[in-house]
Amino acid sequence: MVELDHSFENGKPADYNWHAILDLDRLVPCVQGGRVVERTSPSEAKAEVKVKMGAMSMTFAGTVAVVEQDDSSKRAVMKVKAREVGGQGHANADVAFELNDGGGKIHTAAQITGKAASMGEGVVVSVLDGLIKDFTQRLQAI
Amino acid sequence: MAIPPGRYTLGPDDATLTVRTRKAGAASKAGHNLRIEVTEWRATLDVADDPARTAMELTADARSLKVREGTGGAKSLDDDDKANIEQTIDDEVLEGAAIQFRSRRVAPGPNGTLTIEGDLELAGATRPVAFELTSGDDRRLRGSARIKQTDWGIKPYSALFGTLKVVDEVDVEIEGTLPA
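Those sequence lines, one after another, are chains A and B. Under my numbering, the first residue of the first sequence carries the number 1, and numbering increases by one thereafter. Under my numbering, the first residue of the second sequence carries the number 143, and numbering increases by one thereafter.
Careful: at least some of the hints might be erroneous.
On the chain B side, residues computed to face chain A include the following (Cβ under 7 Å) [to be verified]:
id, residue
1, Ala-168
2, Ala-172
3, Gly-173
Cβ pair distances, simulated, as ranges [as the list claims (entries may be wrong)]:
id, chain 1, residue 1, chain 2, residue 2, range
4, A, Ala-117, B, Asn-253, 50 to 56 Å
5, B, Thr-181, A, Gly-33, 30 to 36 Å
6, A, Gln-88, B, Thr-181, 33 to 39 Å
7, B, Arg-149, A, Gly-33, 49 to 55 Å
What the hints contain is simulated information worked out from the structure, not anything from laboratory work. Glycine is no exception: its CB is placed at the ideal position from the N, C-alpha and C atoms.
All chains, full assembly: derive it from the sequences and hints.
What follows is the structure, encoded as structure tokens:
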């Protein structure tokens, strides 16, 4: 299990960020290579993320669901369950958002298996950290 | 052996022009060290009686680079992977811009070696470059230059959020047989 903490600032009111982040159609494309395949309910979607690795790429497909949602504290937890397309790997994560005026904090607890994990935990941490930092950059414009 | 005076024209039929790249970064295991061949190029070497008056010119088609080999990766490169890399070179690295080298100064060294200094146009910028050209008794020619991509304003390719990158310095090699 890899746990990472990040924060983002976008100067927008907490209410705005709260509604933006709970809208999976807006949130998922903030992950580089991410797209919603099908919205299955207001709080759940089928999605995929294509990760380019130089010449090669890996696609993870699965679900993202809002599993905890506290409107008063503006804290939400999303559960990501994904499988490597054409491979044996998995990428599962619980992503907790705590929002406030101007931005928020993100705590990620992820479990990666398969080819991606075979590169070693240090590599997984570096890549995930890069992915989430890129995600926080995109949240500035959400 | 010194190259006999004369005008020589070289191209893919007589020699290979190769670019070698190396990978770096935390996720470098996912990438490959590449041997890339330039398949459309032409060089002229005017060897004067006074070697110091020798001149060299080379032009190459930036869209003719072909990936011949990838080593050191977790998985070997297939034809699609190679085509992807070539597309990336075209779209994001060289962008099809003119490649041209023209010598400014040639200094003869021991055993017929020529130290060639000149200007290399690459990706829209022109910068000086120097390399040694050697020739053997069997008319084999060999030279190599190390090119730092950022000196020509090229941003070295990176992927996986910067954890997999191509090292800024790439090696360019020319090797072949001097035409009769």
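Structure-based check of all given hints:
{"no.": "1", "hint": "Ala-168", "result": "holds, 4 Å"}
{"no.": "2", "hint": "Ala-172", "result": "holds, 4 Å"}
{"no.": "3", "hint": "Gly-173", "result": "holds, 5 Å"}
{"no.": "4", "hint": "Ala-117(A) to Asn-253(B): 50 to 56 Å", "result": "holds, 53 Å"}
{"no.": "5", "hint": "Thr-181(B) to Gly-33(A): 30 to 36 Å", "result": "holds, 32 Å"}
{"no.": "6", "hint": "Gln-88(A) to Thr-181(B): 33 to 39 Å", "result": "holds, 38 Å"}
{"no.": "7", "hint": "Arg-149(B) to Gly-33(A): 49 to 55 Å", "result": "holds, 53 Å"}
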